[in-house]
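Chains as they are written, first to last, in this note's numbering: chain A, 1 to 252; chain B, 1001 to 1435.
The set of hints was computed from the structure by calculation and includes no laboratory data.
Hints may contain errors.
[Said to hold, decoys possible] Derived BS3-like pairs: lysine-lysine, alpha-carbon spacing no greater than 27 Å straight-line: (1) B:Lys1357 with A:Lys12; (2) A:Lys71 with B:Lys1402; (3) B:Lys1089 with B:Lys1062; (4) A:Lys51 with B:Lys1360; (5) A:Lys118 with B:Lys1360; (6) A:Lys10 with B:Lys1357; (7) A:Lys71 with B:Lys1062; (8) B:Lys1357 with A:Lys78; (9) B:Lys1402 with A:Lys121.
[Said to hold, decoys possible] From chain B, some residues computed to sit far from chain A (all C-beta separations above 12 Å): (10) Glu1002; (11) Val1084; (12) Thr1167; (13) Asp1351; (14) Glu1401; (15) Lys1402; (16) Glu1405.
For every residue, glycine included, the Cβ atom is placed at its ideal position computed from N, Cα and C.
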Amino acid sequence: MLSIKKLFVKVKDKNILNDFNLDIKEGEIHAIMGPNGTGKSTLSKVILGNKNYEVVSGDIIFKKESILGLKTDEIARKGIFVAFQNPISIEGVQNSEFLKTAINERRENAIGLFEFVKEIKEKVKELDFSEEMIHRAVNVGASGGERKKNEVLQLSLLEPEFIILDELDSGLDIDSLKKVCEAINKYLESHKKTSVLIITHYPRILEYIKPQFVHMMVCGKIVKTGDYNLAFEIEKSGYSDTSVMGSEKENE
Amino acid sequence: MEIVGLNENNIRKISKTKHEEQWVLDFRLKSYEMFKKLNMPDFGPKIDLDFDKVIYYKSLEKGLNSNWDKIDNNIKCEFASLGVIDSEKYMDGIGVQYESEVIYHNMIEELVEKKVIFTSIEMAMKQYPDLVKKYFSKIVSNSDNKLAALNSAVFSGGSFIYIPPNTTLDRPLQSYFRINSRGMGQFERTLIIVDDNSHLHYVEGCTAPTYSDSSLHAAVVEIYVGKNSTCRYSTVQNWAPNVYNLVTKRALVDENGTMEWIDGNIGSKVTMKYPACILKGDNSTGTCITISVATHEQNQDSGARMIHIGKNTSSTIISKSIARLGGNATYRGKVDIKESAINSKSIVKCDSLILDKDSKSDAYPTNVCRTSKSNLEHEATVSRINEDNLFYMMSRGIDEEKATELIILGFIEKFREELPMEYAVELNQLLKRML
Ligand SMILES: Nc1ncnc2c1ncn2[C@@H]1O[C@H](COP(=O)(O)OP(=O)(O)OP(=O)(O)O)[C@@H](O)[C@H]1O
Ligand SMILES: [Mg+2]
């Protein structure tokens, strides 16, 4: 479904991704763990075609086509959704207006008001939001956790085929994390072909949404790939552990 | 008939064409002397106008009608395509000015019974001279500023409205102004009197086709709001980008009266317009809500003036400016709470949204409070559409244009809330067309 090949990315003359390779097939769940500043969030923004990042070489293939050079909204409409690490707020733009517009951009005919209201209310309830948030401006005055929940609300309404969760777990309390993960699992239940890439520092979220593959990323590239258990290894020994670092060759 | 250039002879010609009484001609000539003495405003955008090249008067010599079928078919079609004829069904009355003369005026029967007067200023000067004389040029004097003096010298067209005491209109009255010729100057003069205990909503619209040389629109609007009365004056100006729109609008508000200016500036090359309320009566209220959008080579210099004289007076100024593609949208306003205006309050809130780095939005507020027993608040914000906002919205599949539009519409939400429904729709459509 998504295949990243020999990707080199720069921002302001600083190399961030160095020969980054990743292959995710339909319906697979992957996780990436890696130290702060290693380029995980950069990766998700590059996939979305953010203009602040310069792709020096390599390619990103989504559903058999390169998406390099496409506009962010085009990439999003192809079915890629990123739940951002730090979702921003947008003054003056109501959640309902924002979501309705996003939904309609993907449809031939505009969604009926009744259908839209029904759907959004259902999802809002599922995530334990109060209904009045629908009429509030996007993330304005919202807490860190509320912003994360809003990302998941958007996700469930926009029906992506490829999801990146960039540190979804940071900022969410234990109960909220559980609730949010349940909502995502429910979504995956009914969208079996959807693939997920979870970026995280802690294995807890992976206990809820269980990945088949865990990658360790250091200095802009994947240095080790393993199964679910690698997450716990990393939690125990960190990234500087030589036994982990030394296994770089295995990956190649 | 067409009169080009500014001199005494031409002014006499305009007056003669209109078969005016001597007092009107005298007023015109005195105003012309005033015009020669006064300087152009020493603030605001640069105005590059040759007063000798302007067409000061142009008419089709068909007179004033209250039946569209009697109006030249081409012109009728033009107003039909502008939606003016259709809008009549939402109004209690409508007036239409084409070039220098009001060509159409009509209102529902009921208003005639209520003794409401809605006609052109020239007609009013002939039919109701005493009523006109009592207020005309008393609120905006011909020495107020150079362009008010110019208007006083060459005015032509514009509406006269008189709402008798204890009268409420169910729906608005509307006037529509159209400039059609290149190099045309339109100098309408509007006088509105809302007598005691009455209510009026007046709607003004204006357009012009685009020519390469400049046109001038220099109107004067005078409004008297009587005791316990309310007047709301809504404008959307969508002049072509070659029009200098230099307008003096002022209301005098008596005891317990309320004046509301709702002002949308979308078109024109340069607009300088600061609707004013003179809150003379105790407990009177003034509001001005402005939205200005300046795009490529446009300069919207707008705002409001609130002069507090009576006790317990209150005013609100809300200004929303949007600048894009190198445009300049500037707020310029004044609140003056005089010593006599004890227990008064004023709130000024101006927000601007700048869409790109070539565009500009400044604020020049002058706020004076001469009594410690009154209160003046001023708030200003400047926001920019930043790349992060756009990226976030686009990451949800919304294209850049639509995302920008959502941000702009969100920005002016407040303004939309203040508008009557049918008007909000009109404004939204205009804004969307611009984006
Ligand atoms: N727009 C930018 N301008 C300059 N530097 C940037 C920009 N974006 C990212 N960087 C730098 O690139 C590096 C990678 O950042 P990134 O946010 O991708 O890290 P991360 O792996 O997500 O870290 P964390 O675990 O802390 O979220 C950092 O050193 C960061 O400062
Ligand atoms: Mg990150």
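* If any of the earlier hints don't hold here, list their numbers in rising order. => 5, 7, 8, 13, 14, 15 and 16
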